[in-house]
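Asker: Two chains, two frames, some hints: make the complex.
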Amino acid sequence: MTTAPAIEVAALEKSYGSTRAVDGISLVVSAGEIFGLLGPNGAGKTTTVEILEGYRRADGGTVRVLGLDPIEGGARLRPQIGVMLQDGGLYPGLRPLEVLRSFAAFYDDPHDPIALLELVGLTEARATIVRRLSGGQQQRLALALALIGRPSLVFLDEPTAGMDPHARVSTWQLVRDLRDAGTTVMLTTHAMDEAEQLCDHVAIVDHGRIVASGTPAELTSRAGVDELLFSAVAGLACNELAAALGVGPGVVTELRPGEYRVAAEATPGLVADLAVWMRDRDVRLGDLRAGQRTLEEVFLRVTGAGTT
Amino acid sequence: MNRTMRKVLAQARVELVLSMRRGESLLVSFLVPIGILVFFAKVDTVNTTLKHPVDFLVPGVLALAVMSTAMVSLGIATGFERRYGVLKRLGSTPLSRGGLLAAKTVVVLVIELVQTAVIVGTGLALGWDPSHGLGLAVVWLLVGTIAFAGIGLFLAGTLRAEANLALANGLFLVLLFLGGMAYPLGRLPDVLESLARVLPAAALSESVRDALRGNGVPWGSVGVLIGWAVAAPVAATRFFRWEE
Numbered sequence: 001m002t003t004a005p006a007i008e009v010a011a012l013e014k015s016y017g018s019t020r021a022v023d024g025i026s027l028v029v030s031a032g033e034i035f036g037l038l039g040p041n042g043a044g045k046t047t048t049v050e051i052l053e054g055y056r057r058a059d060g061g062t063v064r065v066l067g068l069d070p071i072e073g074g075a076r077l078r079p080q081i082g083v084m085l086q087d088g089g090l091y092p093g094l095r096p097l098e099v100l101r102s103f104a105a106f107y108d109d110p111h112d113p114i115a116l117l118e119l120v121g122l123t124e125a126r127a128t129i130v131r132r133l134s135g136g137q138q139q140r141l142a143l144a145l146a147l148i149g150r151p152s153l154v155f156l157d158e159p160t161a162g163m164d165p166h167a168r169v170s171t172w173q174l175v176r177d178l179r180d181a182g183t184t185v186m187l188t189t190h191a192m193d194e195a196e197q198l199c200d201h202v203a204i205v206d207h208g209r210i211v212a213s214g215t216p217a218e219l220t221s222r223a224g225v226d227e228l229l230f231s232a233v234a235g236l237a238c239n240e241l242a243a244a245l246g247v248g249p250g251v252v253t254e255l256r257p258g259e260y261r262v263a264a265e266a267t268p269g270l271v272a273d274l275a276v277w278m279r280d281r282d283v284r285l286g287d288l289r290a291g292q293r294t295l296e297e298v299f300l301r302v303t304g305a306g307t308t
Numbered sequence: 001m002n003r004t005m006r007k008v009l010a011q012a013r014v015e016l017v018l019s020m021r022r023g024e025s026l027l028v029s030f031l032v033p034i035g036i037l038v039f040f041a042k043v044d045t046v047n048t049t050l051k052h053p054v055d056f057l058v059p060g061v062l063a064l065a066v067m068s069t070a071m072v073s074l075g076i077a078t079g080f081e082r083r084y085g086v087l088k089r090l091g092s093t094p095l096s097r098g099g100l101l102a103a104k105t106v107v108v109l110v111i112e113l114v115q116t117a118v119i120v121g122t123g124l125a126l127g128w129d130p131s132h133g134l135g136l137a138v139v140w141l142l143v144g145t146i147a148f149a150g151i152g153l154f155l156a157g158t159l160r161a162e163a164n165l166a167l168a169n170g171l172f173l174v175l176l177f178l179g180g181m182a183y184p185l186g187r188l189p190d191v192l193e194s195l196a197r198v199l200p201a202a203a204l205s206e207s208v209r210d211a212l213r214g215n216g217v218p219w220g221s222v223g224v225l226i227g228w229a230v231a232a233p234v235a236a237t238r239f240f241r242w243e244e
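Protein chains in written order, with this note's numbering: chain A, 1 to 308; chain B, 1 to 244.
The following block holds chain B by itself, in its conformation from the complex (with noise of 0.2 Å):
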């Protein structure tokens, strides 16, 4: 193993530790996607007409799953990093920015993976089909996963950490409940559904949803949604400041 991985690794492994010490992370990332697809599939409150809800579910809440990981839980811990000065006090280190940058990529895949697997399993226990589109859904919340990324970045390195604590829970319950992933995005006032088209929670869900339904490739909301992996990410990089 090279010198630079062996660095990214104990980094990546230094992170894993603290995500899982962080109850309130796991919450985010495991409980509220799970509650939400074990609930929506056996209540159908607004009822969605839809044959096999848990169809329409497992997409939606891998979106979700994706957003709670690589915006609500990086954008967090990546904050107080920040307020911490440890992101400043890596600097020095011959870990580089690059190195480190890759270090959270690693965790944030990592836990997406273990997210996925109990996502899907789940799903499947509770009847779903998943016949079409792995490998396009996989892209997407790939790509997905990069705008989101940028989104928590950005706010984790301009705003102080309390801020940015409340606005990345905050902007983690709209985009849930604009975000197509509970329910139809056509139960929602025309006013509301017009903004979440254009907002990344609802492009990624409408996408895998499409991918893993066999309906190919929806080119509004994949427009929309690597039009957010390109801006946000751009503006994080513009942007952060690596001390508070």
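Bound-form chain A, shown alone (with noise of 0.2 Å):
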């Protein structure tokens, strides 16, 4: 027998007003895996998860999630997914471990509330009113009560948002842990190094259409190789750059400000006209890289964000 994918969507609408939010998105997500959506603000990665939670209704196109329709089938979809809101969602009044204690009632086998504080590492804060926890504590509160339940799915969305370096590391060995116990995992990001580090599979969304998806590593090595990227004081004359390298107008890109692309072969005669260039205008390099691209360049090239 093979394992049904844990979500099924296909050629997803939905609009409010005369915004196209979410344009024709298809995807699949495998059971025990973690998927990562990823896109600029606005991109419809937020209303896509609240579809699949349901929370909202599709205009168009085909949901399935654990194999039940989230409004149809809400009722039976609820008890087997866990969710953790992009912000609130916390009664500021009660301490952490009342609203686990309060959660876990609406769930035939919860985890113990206790040794869920201990997994996030909120057992000190137990008793701090939810509102005089930290921004970063009240997200592993809420972290900690989408898994009060023991889902099979969990939405994550912008689940490190507002933690300290430490607390994210942590966060994303949990979040392995989880998959490795086999726990299908949806999570939303901005931050390119958390899909790089955690995520199974991604899809990129713009407009509200998937621009890029595949697993990180296909990301980041299927774009071609054709070019080098470099950083240094943001403003250089890009086009008077192109002529000392002997390439067209247009060819360097500031991506960024600071973050450059020189999108030729990186030639060892390339890479000399570049540092000489440097050199004669006593331009510092901050970083330099041809070929294989990171998932953030990927990232600002698909969605053109990082263009103007």
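Keep in mind that the hints were calculated from the coordinates and are not lab data.
Careful, some of the hints might be misleading.
[Stated by the list, open to error] Beta-carbon label-pair distances, calculated as ranges: (1) Gln173/A x Gly227/B: 52 to 62 Å; (2) Asp87/A x Leu27/B: 26 to 36 Å; (3) Asp87/A x Val138/B: 35 to 45 Å; (4) Ser30/A x Leu113/B: 44 to 54 Å.
These numbers come from a predicted model, not from an experiment.
Cβ coordinates follow ideal geometry from the N, Cα and C atoms, glycine included.
Answerer: Listed below in structure tokens is the structure:
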């Protein structure tokens, strides 16, 4: 018997007024994997996830979550999923242990709230009123709350936003442990290092469509390698540099302030010419890389977020 | 105990704990009604010409208590739950929306029961004679609870949390003045009295008062009360938004 996918979405559409928030998204999330939905703000990630969670009704397309329609089958779906909202969702006047205990009563076989607090590192803060917790602590409590009912599918919306680096790393490990225990994880994130570290598959969403998808390794290696990336002070004269390198205008672009891309084969001669040009202008090089892109570069390129 | 009951009671328990922690809500629910009852029973400020002011006051203060809990406390708490995303978060748990509403109903009824006990106890200590129509009074108080909860939830589900807070408190004050609760409606100028008669506060206090005095059913007031008890929940259901 093959395992059915945890999530299947086909030709999903959702509009708010005249704005197409989701414009034909299709994706499949296998059971037991960590799937990342990436995209700039307003790309349609949260709308997509909220349709999967049963919060919003799709205008078109089909959605199956654990084999169920999230709205029609909501009563059967909700005991099996855990949701971490992007922000909020916690009673500010309760203590972490009370929050977990109150939600535990909604499920047949909940986790032990005390063990769960330990797992997310909130044992010390268990009696602190929620509104007095730091942003990162509230995030960890929201994460614990998503896990209280032993869900087989967890939705995490920007799970490490506001966490300090240490908490991020331990949260990543927690999410990997969840996956290793058989839980499917669907997360949205802005943080490309998070996606690269954590996700088995990612889909990059922009303007309501999926513009790239695959494993992080596929996305970073698939992209053409005829390019040279470097960082330096912002505002270099790109066309002047292009002329010095003997390439056409527009081949050198500033992806983001201080991040440059030369869309040409990174030959030793090209690198030498670049170095000469920089020496003549006393421009210091921050970083130089040819070939393999990071996921962040792929992201900026496919979403057009860095080009102006 | 079946599963649904367990979930509803767990939620009701949490909401009761939170109510206890909100000092200002206890103030509105207990100190204001009792203060009015004792003050106006002892000091006949408006010359009611009533032989027993407490017989007039107890029904009015019971109506006031219902208004404070079902409209003000419920509405303000729900508005902030909406603001903090709690309502949204609960929406993806196995506690259904019906379950949440049931839990809130339990909380409102529990608080009203305690309020009623305190008010009746204070009234008896002040010489109130409860010889009539208790059953009918309870029915009107329950209908009033539905009307005021509908108003409170309508505001909570349509306004921003701060605006809801201000409006619910303001409405409480206006309806207290126009509610025939601390003094008879006849003391109001004619225009205000006519307005007061179509508002739910006076309709509730008059209905409860006639019941407790053995005066039967004041159909005008009861009609207004039932009208609000239908219209307000319908409006709340129609316009309530779960996210701010």
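Asker: Now look at each hint and say whether the structure bears it out.
Answerer: Hint by hint, here is what the structure shows:
no.	hint	result
1	Gln173/A x Gly227/B: 52 to 62 Å	60 Å, holds
2	Asp87/A x Leu27/B: 26 to 36 Å	31 Å, holds
3	Asp87/A x Val138/B: 35 to 45 Å	43 Å, holds
4	Ser30/A x Leu113/B: 44 to 54 Å	53 Å, holds
Hint check: no violations occur; every hint is consistent with the structure.
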